[in-house]
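Participant: Below, each chain spelled out in residue letters.
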Amino acid sequence: MGRRDRALGRRLLLPLLGLLALVQGYPIVFAAYISFHDYRLTALDQVRWVGLAQYQGLADNPSYWTAMTNTLIFVGGAVTLELLLGLALALLLHRPVPGQNAFRAVVLMPMFITPIAVGLMFRFLLNSQLGIIPVALRSIGVEIDWFGPDLALFSLILIDVWQWTPLMTLFLLAGLEALPTEPFEAARVDGASGFQILRHLTLPLLRPVILAAVLIRMLDAFRIFEYVYAITRGGPGERTETILFHIYRVGFLYFRLGEAAAMAFTLALVILILVVVLFYILRRQEAWA
Amino acid sequence: MTTVTRSWAMAIPARRALTRRHLGIGLRLSLLGLSAFVVLFPFLWVLAASLKPPVELNRPSLWGFTPTMANWVEVWLGSPFSRYFLNSIVVGVLTVGISLLVGAPAAYAFSRFRTGGTWLRFLILAAQMLPPALFIIPFFLMAYYTGLLDTVWAVTAAHLTFIAPLVTWFLIGFFEDVPRDLEEQAMVDGCTRWQAFLRVVLPAARPGLGAAGLFAFIMSWNEMFYALMLAGGHSKTLPVAIAGYWTFRGVELGKMSVAILSAALPVLVASFFVQRFLIRGLGGGAIKG
Chain A
5 MGRRDRALGR RLLLPLLGLL ALVQGYPIVF AAYISFHDYR LTALDQVRWV GLAQYQGLAD
65 NPSYWTAMTN TLIFVGGAVT LELLLGLALA LLLHRPVPGQ NAFRAVVLMP MFITPIAVGL
125 MFRFLLNSQL GIIPVALRSI GVEIDWFGPD LALFSLILID VWQWTPLMTL FLLAGLEALP
185 TEPFEAARVD GASGFQILRH LTLPLLRPVI LAAVLIRMLD AFRIFEYVYA ITRGGPGERT
245 ETILFHIYRV GFLYFRLGEA AAMAFTLALV ILILVVVLFY ILRRQEAWA
Chain B
369 MTTVTRSWAM AIPARRALTR RHLGIGLRLS LLGLSAFVVL FPFLWVLAAS LKPPVELNRP
429 SLWGFTPTMA NWVEVWLGSP FSRYFLNSIV VGVLTVGISL LVGAPAAYAF SRFRTGGTWL
489 RFLILAAQML PPALFIIPFF LMAYYTGLLD TVWAVTAAHL TFIAPLVTWF LIGFFEDVPR
549 DLEEQAMVDG CTRWQAFLRV VLPAARPGLG AAGLFAFIMS WNEMFYALML AGGHSKTLPV
609 AIAGYWTFRG VELGKMSVAI LSAALPVLVA SFFVQRFLIR GLGGGAIKG
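Taken in sequence, the protein lines are chains A and B. The C-terminal residue of the first sequence carries number 293 in the numbering used here, and the numbering is unbroken. The C-terminal residue of the second sequence carries number 657 in the numbering used here, and the numbering is unbroken.
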């Protein structure tokens, strides 16, 4: 590669780097500045430096910890269920079956719908007076309050599972299709059962794809906002107050921008730690192979 | 896929294979049918609700009412909904246009010259994973100070934070698939590197560019968090408009159902074109699809 190519490469990158400096670099620096100040939307002319006070304040802020815990429960629950269901669906769709392409197209549909619409659809479907699911359940004598204190967070997890299992399926299906066929033929000739093949051949070979899919889904699940906004607005009590919704509440309903910015940075830190841990696991497993 | 089945059928005695395979297909078909039902049911429910006269909405049922187009007419002709629809198109087109404009040259530089090395490539990907909570507060204040609150420009800028890096990441993979011989031949014929990129590589990567653009449009079309904070008035986009049909102030289920379907249908149609490209794109040259 010549020097002219290298110079051209740098020039081609410039527009993107310029744009990202403008829409990411500057805002992040500004957000850090805001988080070190008492920055209120109602008193923009009285911004004052408070150093790390906003961050220290989070340590004994019970609502913040509730929101973090709810978010971690949500992410853990949703991603686990999506992985299990997504794997099952991918295995079902992988082998030829009549109408395979139609099934595939239908099953992938939910991930393309705007999450607010999905949230409202399920709020409607699960509504105890207007929704067909509670009415149908009541007719067989089952009474479930989907958005009551006990079940609300779980119901939001189920909605997430409905919408995002398809993404998991899409990834795993692509992973399955890229696998070499020889080891599977050999295993069958040796008389391995379907379950043995899955346990000792398919899953180990799929591991990198599984980790990539889990990582992408996890990062996205941390952004849970629309279902909460559409259905529960954090309630009952603080049972479904997730971190992004809490940041929205503190920043835009209580106007405490400084505190909200500090929360956003701690969230980014939590996510960063999780990503590094996942990458570390991925690396180690590649080293074995 | 056909080789897998054939070898499998050969590996076990013919008659056993036949019955087992029939049983297997029956089971898999019913499981897939169940999944398709779970996916399609909410859409059917909302479709029914959009066709119900107001009095029927309090009675949860899928049929047994006289369908009416009143909700559809009211939403599309008697409300500003069509303007919000247009806002979403404008934001989407601006976001996709800018993303492709800055993303394509950068992706080419990454794919051919390895400019910036692996770490810069992954930095771009990591930038796309930062939580929106980090950006929303500075973006809100920047839009406020510049008088851009409640304009499509504020929403577009916010969408670029995650869509421009994502499009770049997609295009790296698609450019890797364009054979290098093509541009080398063009350069032998007297083109410069840049001319070869414009006249040979870009046209050859057209399906990839189209898929990346369409996927980016869907992401922008479906995004609500930024749009809600930055443009809640006459510049609101579809997801924000949809959220407005069920608030503490009132519920309009029929109209909400129309709005949901109107937002979902175009994207579902578009999704059938991008599904095939999605995995190659998300892999960004890291996973061979």
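Read the hints as simulated data drawn from the structure, not as lab findings. Every residue, glycine too, gets a C-beta built ideally from N, C-alpha and C. Misleading hints may appear alongside valid ones.
Derived Cβ-Cβ restraints for the label pairs, each shown as a range [what the hints assert, rightly or not]: (1) B:426 to A:284: 34 to 42 Å; (2) A:182 to B:487: 24 to 32 Å; (3) A:92 to B:408: 17 to 25 Å; (4) A:101 to B:545: 27 to 35 Å; (5) B:422 to A:33: 38 to 46 Å; (6) B:633 to A:46: 22 to 30 Å; (7) B:393 to A:196: 31 to 39 Å; (8) A:204 to B:555: 26 to 34 Å.
Listed below are several chain B residues computed to face chain A (Cβ distance under 8 Å; list not exhaustive) [as the list claims (entries may be wrong)]: (9) 400; (10) 477; (11) 484; (12) 485; (13) 487; (14) 495; (15) 499; (16) 502; (17) 505; (18) 521; (19) 525; (20) 532; (21) 562; (22) 566; (23) 634.
Residues from chain A that keep clear of chain B, each with C-beta distances beyond 12 Å, as calculated [as the list claims (entries may be wrong)]: (24) 198; (25) 200; (26) 281; (27) 288.
Participant: If a hint holds in the structure, say so; if it doesn't, say that too.
Facilitator: The hints, checked one at a time:
no.: 1; hint: B:426 to A:284: 34 to 42 Å; result: violated (55 Å)
no.: 2; hint: A:182 to B:487: 24 to 32 Å; result: holds (26 Å)
no.: 3; hint: A:92 to B:408: 17 to 25 Å; result: holds (18 Å)
no.: 4; hint: A:101 to B:545: 27 to 35 Å; result: holds (30 Å)
no.: 5; hint: B:422 to A:33: 38 to 46 Å; result: violated (52 Å)
no.: 6; hint: B:633 to A:46: 22 to 30 Å; result: violated (42 Å)
no.: 7; hint: B:393 to A:196: 31 to 39 Å; result: violated (21 Å)
no.: 8; hint: A:204 to B:555: 26 to 34 Å; result: violated (50 Å)
no.: 9; hint: 400; result: holds (5 Å)
no.: 10; hint: 477; result: holds (4 Å)
no.: 11; hint: 484; result: holds (7 Å)
no.: 12; hint: 485; result: violated (11 Å)
no.: 13; hint: 487; result: violated (13 Å)
no.: 14; hint: 495; result: holds (6 Å)
no.: 15; hint: 499; result: holds (5 Å)
no.: 16; hint: 502; result: holds (5 Å)
no.: 17; hint: 505; result: holds (5 Å)
no.: 18; hint: 521; result: violated (12 Å)
no.: 19; hint: 525; result: holds (6 Å)
no.: 20; hint: 532; result: holds (6 Å)
no.: 21; hint: 562; result: holds (7 Å)
no.: 22; hint: 566; result: violated (12 Å)
no.: 23; hint: 634; result: violated (10 Å)
no.: 24; hint: 198; result: violated (9 Å)
no.: 25; hint: 200; result: holds (14 Å)
no.: 26; hint: 281; result: holds (14 Å)
no.: 27; hint: 288; result: holds (18 Å)
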